[in-house]
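S.K.: As a plain string of letters, each chain reads:
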Amino acid sequence: MLINQLVPYLLLSALLFSTGLFGFLMRRSLIAMLIAVELILNAANINFLAFNRFMNADKSLGQIYSIFVIGLAAAEIAIGLSLVIAVYRKFRSINVEKLTELKG
Amino acid sequence: MILSTILFAPIVAMIWVMCIHSPRLIRTISLAGSLVSFALSAYLVLRFDYQHPGFQWTEQLFELPGWGIQFLLSVDGLSIPLLLLTSIIITSGILVSGRLEVRVKEYFALLLFLVSGAYGVLLCMDMFFFFLFYEVAVIPMFLLVNVWGSGNKEYAANKLTLYLLAGSALVFFGFLLLYFQSGLYTFDLGAMLELAGFTHETERWMFLLFFLGFGTLAATWPFHTWSPDGYASAPTAASMLHAAVLKTLGGYGILRVAVPLFPQGARDWQWLMLTLGAINIVYAACCVIAQKDLKYIVGYSCVSHMGLVMLGIGTLSETGVNGAMFQMFSHGVMVALLFACVGYIYDTKHTRNIEELGGLLGEMPRASIFFILAGLTALGLPGLSGFVAEFLVIYSAFTVSPLAGTLALLGLVLSAIYVLRVFKRAFWGVPLAGKAAMAAQGHESLDMNWKMVIPCVLLCLFLVVLGVYPKMFIDYVGPTSTELLKNLSF
Amino acid sequence: MMDLNLLHISVWANFAAFFLITFLPKNRVKLPPAVALLFSGAGAAASAVLLVRRFGGEMLEWKFPWLTWNSAQVNLGYYLDDLSLVMLTSVCLISFLIQLYSVWYMNEDADKKRFFATITFFTWAMISFVVSVNLFASYLFWELIGLASYLLIGFWHERPAPRRAAIKAFVMTRFGDLGFLAAVILLISHVHNLDIPFLNSQAAALLGPGELLLVIVLLFFGVMGKSAQFPLHTWLPDAMEGPTPVSALIHSATMVAAGVYLLVRLFPMIEVSQGGMHYILFIGAFTSVLAACLALTECDMKRILAYSTVSQLGFMVMAVGSGTWHGGMFHLITHAFFKSMLFLLSGYFIFVAHHSNSIFDMAALPLKEKSKWMLVLLWIGALALSGLFPFSGFMSKESIFGYLLETRQYPVYGIALFISFLTAYYTTRMAFIVSKNGSGPGAGDKRDSPLRGQSLELRVALNLPVTVLGILTVAGVWVFLPWHKEFFHIHTDWHAREWMNLGVTSALVLAGIGTSFFYFGRKSFSEKGWPALIPGLDFLISKKFFMDDFWNAVMEKIVKGFSRLSVWSDAHIINAAVNHVGLACVRSGRAVAELQAGEVQRYILVALLVIVSIIFYLLTR
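Residue numbers (my numbering), protein chains in the order written: chain C, 1 to 104; chain W, 1 to 490; chain Y, 1 to 621.
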C-alpha cells in the first residue's frame with residue numbers, strides 16, 4: 001500500500017520544500033516570505049516523522065524533534081513578525097526590494 | 001647599546017609625547033629625542049674607522065630561530081652617513097615646525113614614528129625588519145599628508161602611499177623569493193651575501209625585481225609621479241624627511257641589497273639604470289621649468305637629482321658610487337633646506353605660486369638667502385656640495401656611456417635655467433604686496449626668527465663644508481664603495 | 001716663504017673683505033666701502049711687491065690635494081710664473097681702482113653692503129682663477145666668477161631688465177661651461193693629472209691628435225661663453241644693465257679676461273693642435289669683425305664700449321689662434337687698463353647726462369666747461385683703443401701686427417688691419433660726439449659743477465681712479481718697457497719690415513679717425529655715418545645679425561618646448577596611466593559590488609546556487 005511506504009512522504013515533503021523555497025525567493029513581501037519559511041520548516045517536520053516511522057527503532061526521537069521544530073517555528077514567527085513591524089515603522093514598507101541599506 | 005639607542009630614542013620620545021598635553025613640552029621632548037640620535041650618530045661618524053669598511057658595530061636583540069628572522073642592528077660605511085643625514089633632518093624638521101598649532105601632539109608623535117622607521121631601515125641587516133621598518137615609515141606619512149597637508153591632499157596621500165607600498169611589496173616579494181630560492185631559509189643579509197650563489201638567469205630577474213622595487217621608492221622615471229604630488233601636499237617637516245631620507249633609501253637599497261647580491265644581474269641591467277637615470281635628470285628638469293608652485297618646483301628638482309644617484313650607481317664604478325653616495329647626502333641636506341624655506345614662505349605669504357610672489361629678498365632676507373644658497377647647490381655651483389657629487393657622477397658616466405654623460409651635462413644647464421627662473425620671479429624684484437602692506441602690519445618683520453634660522457644654518461653648514469672640502473667625505477666612503485662593488489670585478 | 005705669504009695676502013684679502021662685509025651690521029653704511037678698500041688695497045699692494053720681487057724669476061708652486069679618487073687627483077693651490085704674476089697684479093690693481101670709484105658711484109645706493117660684498121667676492125674669484133695651479137680648480141673659480149657676475153649684473157633687481165640680463169649672462173656662460181667641464185672630464189680620464197704645468201708639458205703627448213682637438217674645441221666652447229665670442233656673445237651687451245663699475249670690472253680685468261687668459265695659460269698644450277689653432281683663429285676673427293660692425297651705429301655709450309670689448313676680445317683670441325700668446329696677453333693687459341678707464345668715464349658722463357646712456361644726450365651738454373679733464377681722459381682712452389702712437393693700445397696691437405707679418409699670415413694681417421680701421425672709426429665717433437659741447441635742454445647753468453654738493457672724499461674717489469688709469473694708459477707701457485719687453489716679445493731691433501708695418505697700421509688708424517671726423521667731427525654731423533649708405537648693413541646691425549632672435553628662439557621654442565612636452569607627458573601619459581590603474585581598481589570593485597545589492601533574496605539565490613553546484617560537484621566527482 002502506498003500509505004505504508006516512505007517515498008510518498010518524501011515526495012510530499014519535497015513538494016512542500018520547493019513551494020516554500022520558491023515563495024521565499026520570489027515573494028517580495030516579508031510576511032509572505034515568513035509564511036514560506038513555515039512551509040520549509042513543515043517540510044522538514046514531515047521528513048523527520050517519515051524517516052522516524054520507517055527507518056528508526058526509537059519511535060519517540062523524530063516526534064521530539066518535530067515538536068521542537070514547531071516550537072522553534074512559533075518563536076521565529078514571533079520574532080520575525082516583530083521585526084517586520086519594526087521594519088515597517090522605519091521604512092513604511094515591507095517590500096524587500098526597497099530594503100537595500102546593506103548593499104556594497 | 002648605541003645602535004638601539006639611536007633606534008629607540010625617537011620611539012621613547014613618541015610614547016612620552018603621547019602622554020602629555022603642553023605643546024611646549026611636546027616640542028622640547030621631541031627635540032630631545034632627535035638630539036639624542038643626532039649626538040650618537042655624530043659619535044658613530046667620528047669613531048668609525050673608514051679605512052676598514054664593514055660592520056663595525058653590531059647588536060643582536062633577539063631572534064626567531066625557526067623562522068630565520070633576527071633583530072640584528074649593524075652599521076657600516078654605507079649606512080653611517082645616511083644615519084647622520086637622517087638625524088640632521090629630523091632635528092631641523094622638528095625645529096622648523098615651531099609654528100604648527102593644529103594637533104601638535106599627534107604631529108610630533110607621527111614625525112618621531114616616521115623617523116624611527118627610517119632609522120630602522122638603515123640599521124637593520126635583516127631583510128624582514130628592513131621591510132617592516134620601511135612600512136613603519138610609510139604609514140605615518142599617509143596620516144601626515146592627510147591631516148596636516150595642503151592642496152589636493154587626499155589624492156596625493158593615496159598616490160604616495162600606494163606607490164610606496166607597491167614598491168616595497170615588490171621588494172618584499174624579492175626577499176621572500178630569496179628566502180626560499182637560496183635554500184638558506186634566512187632573512188639575514190650578511191649570511192645571504194656569504195653563502196648564497198645564484199645562476200646568471202636568476203640573478204638577472206632578481207636584480208630587475210629589486211631594481212624596480214627600490215627604483216619606485218627612489219622615484220625613478222616613470223614611477224616618479226608620486227613624489228612631486230606627495231611633497232607638494234605634505235607638511236614641511238614631512239616633506240623634508242621624506243625627500244631627504246626615505247627617497248634616498250631607494251638608492252641605499254640598491255647599493256645594499258641588489259648590487260652586492262646580484263653582480264651579474266647588475267651588469268645585465270646596467271643599460272637600464274643608466275638610461276632611466278639620464279631620463280630622470282633631463283625629463284624632471286624640463287618639467288621644473290614649466291612649474292609655478294614652489295613645492296612642485298622643489299619636488300621635481302628632487303626627482304631630477306635622484307636621477308644622478310641612479311646614474312652614479314648605474315656606472316657600477318667606484319667613482320660613480322662615491323658620487324651617488326655624495327649626492328644622496330648632499331641632495332638630502334639641500335632638499336630639506338629648500339622645503340624648510342618654501343614651508344616658511346608659504347606659512348608667511350599663504351601662497352606658493354611664484355607668479356604671486358616677488359621681491360622676497362627684500363621682505364625676508366634670511367629665508368631668501370637660505371633658499372638661494374640651496375638653489376645654487378641645486379644648480380651645481382662649485383664650492384657647494386652639489387657640484388662635487390654631480391661632477392663625480394658625470395665623470396664616471398662619461399667613462400661608461402658618453403651619451404648618458406652628455407645628457408647629465410645638459411641637466412646642468414637646465415637646472416641653471418629653472419633655479420634662476422625661481423630667483424627671478426620670486427626673490428628678486430619688488431614685493432608684489434608692496435611696502436604699504438608691510439607698513440600696515442605695523443612694521444612687523446616677516447623674516448625668520450632665530451628659532452628658524454638655527455636649523456637652516458645647520459643645513460647650510462653641511463652644504464658649504466662638504467663643498468669646500470669634499471675630500472673628507474670621499475675618503476670616508478671610498479673604501480666602502482670598493483667593498484660594495486668587489487663582487488663585480490670578474 | 002715671504003713670497004708665498006704675499007701671495008696669500010693678495011689672493012685672500014678680497015675674500016676676507018667679502019666675509020667681513022657679509023657679517024657687518026646693516027645700519028653701518030660707511031663701513032662696507034671702507035673694509036673693501038682697505039683689504040683690496042692691501043691685496044693690490046702685496047701683488048705689486050710680488051711683481052717687483054719675482055718678475056723674471058723662477059715660478060712658484062704650492063698645492064695640496066682637494067679631491068682624490070681611484071684614478072685621479074685634483075689639487076688646489078697656486079702656480080705663479082711671469083704670466084700669472086702680470087695678470088694677478090693687473091687684476092688686483094684694476095679692481096682696487098674700480099672699488100675706489102664705486103665709492104663715488106654707489107654713494108646714493110641704499111644697499112652698499114650687498115654691492116661691496118659681491119664685488120670683493122668677484123675679485124677674489126678672479127684672482128684665484130688666475131693663480132690656480134690646476135685646471136679643475138680653474139673651473140671651480142670660473143663658475144664662481146659667473147655667479148658673481150650674475151649677482152652684480154642683476155644688482156638692481158627691482159627693475160626687470162637687469163633681472164633678464166643677469167639670467168641671460170649666467171645661462172649662456174653656463175652653456176659654454178658645459179664644454180669646459182666636458183674637456184676637464186676628458187682630460188682627467190686620459191691624463192689623470194690636471195696640474196697646469198703638467199698639462200702644458202705632457203698632455204699633448206698623452207692625448208691622441210683627435211682627442212687633443214676635441215679637448216681644445218670643448219675648452220674653447222667655455223671660452224666662447226666667458227669671453228663672449230660668437231655665437232655666445234649676446235649676453236655681454238645686455239650685461240650693461242648692471243652698475244657701471246661692474247661693467248668696467250667685467251670688461252677689463254675679470255670675467256671676459258678669464259677666457260683669453262685661459263687660452264694663454266694653456267697655450268703650450270693648444271699650440272700642438274693645428275686644427276685647434278685654426279678654429280680659435282677663425283672664431284676670434286669672425287667675432288671681432290662682427291662686433292666691430294655692431295658698434296658702428298650704436299648710440300648707447302655703454303653698448304658701444306661693450307661691442308668694442310667683444311671685438312677686442314675677438315682680436316686677442318685671433319692673436320692667440322695665430323700663434324702669438326705674447327701679443328694676445330699684452331693686448332689683454334693694456335686693453336684692461338684703458339677699457340676700465342673708458343667705462344668709469346662713461347659712468348661719469350651718464351651721471352652728468354641725468355642717467356641717460358645716449359651719446360647724443362651727452363653731446364647736448366656743455367662738457368668742455370664742466371668737465372674738461374674727463375674729456376681729455378676720454379680722448380686718451382679712445383686713441384689708445386684705436387691704437388694710435390704713443391698710447392698703450394698702439395704697443396700691444398703693434399706686437400700682434402708685427403708677429404703676423406713676421407710669420408707671413410697675410411690674410412689674418414688684412415683682417416686685423418680692417419678691424420683696426422673699424423675700431424678707430426667707431427671709437428673716435430663716440431669721442432667726437434660726446435665732446436660736441438652743445439648747450440641743449442637740461443644743460444643747466446654752465447658754471448654749475450655736476451659734482452656740486454659732493455664731499456672731497458667722493459671727488460677723490462671719482463677722480464683718482466680715472467687719472468691713475470689714464471696715466472697708465474699713456475705712460476705705463478713706456479715706463480715698464482725695458483722691464484717686460486722680453487716677456488711680451490716687443491721688437492727692439494727695427495728693420496724695414498717693422499717700419500713698413502708701423503706706417504701701414506698708423507695710416508689705417510688715421511684713416512679711421514679721419515673718416516670719423518668727416519662724419520662727426522664737424523659742426524653739422526650725421527647720426528649713423530657711412531654704414532647707413534651701404535644697403536642692408538644698417539638693417540643687419542639694427543637686428544644685431546639676428547643673434548638675439550636666434551637665442552630667444554632656442555630658449556622659447558626648444559627649451560620651453562621640451563619643458564611643455566615633459567609636463568604634458570607627465571600629466572597625460574604617465575599620470576594618466578597611474579590614475580587609470582587606480583580607476584580600474586575602483587571600477588572592478590564596483591563591478592563585484594553589484595552582487596552585494598542588499599537584496600536578501602538575491603543573496604539566498606546565490607547561496608542556493610553555490611550549494612547546488614557543490615553538491616553537483618561532489619556527486620559527479
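In case anyone wonders, no lab produced these hints; they're calculated from the structure. Model, not experiment: these values are computed from the prediction. For each residue, glycine too, the CB sits at the ideal point set by N, CA and C. Don't take each hint at face value.
Cross-link-like lysine-lysine pairs, in silico, DSS-like; alpha carbons within 25 Å at most [unchecked claim]: (1) Y:K544 <-> Y:K557; (2) W:K451 <-> Y:K557; (3) W:K292 <-> Y:K557.
What the simulated footprint calls covered on chain W by chain Y, stretch by stretch (three residues with Cβ under 8 Å from a Cβ of chain Y suffice, anywhere in the stretch; the number is not a length) [claimed, not checked]: (4) 312-324; (5) 467-473.
Some, not all, of what chain W presents toward chain Y, calculated at C-beta under 10 Å [unchecked claim]: (6) F62; (7) L64; (8) P65; (9) T399.
S.K.: Where does the structure disagree with the numbered hints, that is, which hint numbers, in rising order?
M.R.: The structure breaks hints 2, 6, 7 and 8; every other hint is satisfied.
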